[in-house]
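Order-wise, the sequence lines are chains A and B. The opening position of the first sequence corresponds to residue 0 in numbering that gives the first Met the number 0, with each subsequent residue numbered one higher. The opening position of the second sequence corresponds to residue 0 in numbering that gives the first Met the number 0, with each subsequent residue numbered one higher.
By construction, these hints were calculated from the structure, which means they are not laboratory data. Every value quoted in this text rests on a predicted model; they were computed, and no experiment measured them. Ideal placement from N, C-alpha and C gives every residue a C-beta, glycine not left out. Just so you know, not all the hints are guaranteed correct.
Beyond 12 Å from chain B on every Cβ pair, some chain A residues (computed) [stated by the list, open to error]:
1. Ile84
2. Leu116
3. Phe179
4. Met184
Which chain A residues face chain B? A few, computed with CB under 10 Å, are given here [said to hold, decoys possible]:
5. Leu170
6. Ala176
7. Glu177
8. Arg268
9. Arg271
Taking beta-carbon pairs under 8 Å as the criterion, some of the chain B residues facing chain A (in silico) [unchecked claim]:
10. Gly68
11. Arg76
12. Gly78
13. Pro83
14. Glu84
15. Asp87
16. Gly90
17. Leu99
18. Ala116
19. Leu119
20. Thr156
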Amino acid sequence: MLQILFDALSLGSLYALGALGIALIFGVMRLVNFAHGDVIAFCVFALLWPSTDAMAIVFAGQLPWYLLVPFVLLCGAGLSVLCEIIVFRRFRQANPATMMIASFALGFVIRYFLLMLFSSRPKSISLLPELSQPVEILGARLPLLQLITIVTTMVILIGLTLFLRQTRFGLEMRAAAENFSMARMLGVRANRVIMGAFALSGALAAAIALIFGIQTGTLDIQMGASIMLMAFIATVIGGLGSLGGAVLAGFLLGAASVIMQVMLPIDARPFRDAFVYGAVILVLLFRPQGLIAARGTKERV
Amino acid sequence: MSLLALSDITIRYSRLTAVRDVSFSMDEGEILFITGPNGAGKSSLLRAIAGVTPVAGGRIDLAGHEITGQAPENIARLGFSMVPEGRDVFGSLTTEENLLVGTGMHARERGWRSRAAGELEAVYATFPMLKERRHGQAGLLSGGQQQMLVIGRALMTNPRLVAIDEPSLGLAPNINDQVYERLIALRAQRQLTLLIVEQSSARAMMVGGRMILMRGGQIVLDGDARELGNGEAIQAAYFGYEDH
């Protein structure tokens, strides 16, 4: 039972972090960033030396964790900010659909860039192997990593909340997310807020990359896409642009996946995702605005 | 030199021309009403000064700087503070957070924190009701309270010129009177320069000051509000009785 709870929480953590990365950017510029998943993949491959060999040549992955973590976070934030400066800045005035297509295209560019450098073969890597050791908690044997994943996610969520609530930059971001042009008329710098959102979102992508890389031990240039899909769905269920909603829905999706994995009859288990998506449709039928509707997207009264 | 000067401003929304060759200027300390019927281009003009609506032609100068085509955040830094139509309160933020958003742009200056705290107290002194609700969600305030909040918010940036778009919109007449009472008191207190857009010219005649009347994207009258109010020209301008 406890095992299921921890499985749900750790899978939900990944989805929640992913959803948060998407919701942050959607909040400030109404962009659904489909390149987010490829930023995750990029961060994972930043651990390796570029080569198309089947054997992974570990580069940054050898670093001790206290250097490894900041390195990967910086990679994510850096790439994400670069995407903003080179691509998305030109689309500020474009309509959301155009921006979305641009993000798709950008995602493919990143993915094929990785393909060129690393080939499409999945590579195995053993990152911080000491984290795979099981620990015993209340009679359940859990991998240490699962615990760290959950704790890290909680720390990130609390940290982000404090940042948004207590700092001047956080206040400006929240104001901009709700009404961008009004915030600008009060002197909030558009570029700074948007770049801040991209940096945060990229760092979140990097956090996912690290957790995922350590968890699975295989690196695949497609890996970002699957998390991205679930994370995107979580942002929609949560109410696009609502950060709290994105996190909540991320955890719900994680829980739904794990519970169905356990509860479904054996024959139906391969179709687990179909059931999860079915549940998603049901939720959206009853709450098309999402679980927690965001202010900025709601009609003004 | 005038604080604000517009020359030959034209604003277009794709094919539609909302404002055509409008020129006027404002001096420090002046109160100017821009009035006129719906669709006269009043709001477009304000939004163009604020930098959120692009101009198709002409030039705008504020406090000795050309601001045509500048970003809204830079225009705000020159001392222009806008209260848009519909108020645009940040509904998910608290009352106090709403007030503080605009103080960030002075963060590079020395002592901005104590100055912002001082401004906050000054706004609370003018609008005690805002202090009572300081930690409440701004979206839950009533229309009149929200109007006071956005005026307070505009003052927090320590502006040289405050522009207010239709402060009366959606407010009960007595609430509206209260809003104007505070505005006039504030103006006397801080030597504010005020640019107010109103659909009706009645308020302008009551408060006094200068009035510009717009119709069809152009200025039709410009003069002292009380003097204009007694003339027939104003009726003609509103209802479009033209010489046949």
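A quick look at each hint next to the structure:
1. Ile84: holds (17 Å)
2. Leu116: holds (38 Å)
3. Phe179: violated (10 Å)
4. Met184: violated (5 Å)
5. Leu170: With a minimum Cβ separation of about 6 Å from chain B (threshold 10 Å), the hint on leucine 170 (chain A) holds.
6. Ala176: Status holds, d = 9 Å.
7. Glu177: It holds, given that the least Cβ distance between glutamate 177 (chain A) and chain B is near 5 Å, below 10 Å.
8. Arg268: Given a least distance of 41 Å, the restraint on arginine 268 (chain A) is violated.
9. Arg271: violated (36 Å)
10. Gly68: violated (14 Å)
11. Arg76: holds (6 Å)
12. Gly78: Status violated, d = 10 Å.
13. Pro83: holds (7 Å)
14. Glu84: Violated: closest Cβ of chain A sits about 11 Å from glutamate 84 (chain B), beyond 8 Å.
15. Asp87: Since the shortest Cβ distance to chain A is 4 Å, the answer is holds.
16. Gly90: holds (5 Å)
17. Leu99: holds (6 Å)
18. Ala116: violated (13 Å)
19. Leu119: It is violated, given that the least Cβ distance between leucine 119 (chain B) and chain A is near 14 Å, above 8 Å.
20. Thr156: Given a least distance of 6 Å, the restraint on threonine 156 (chain B) holds.
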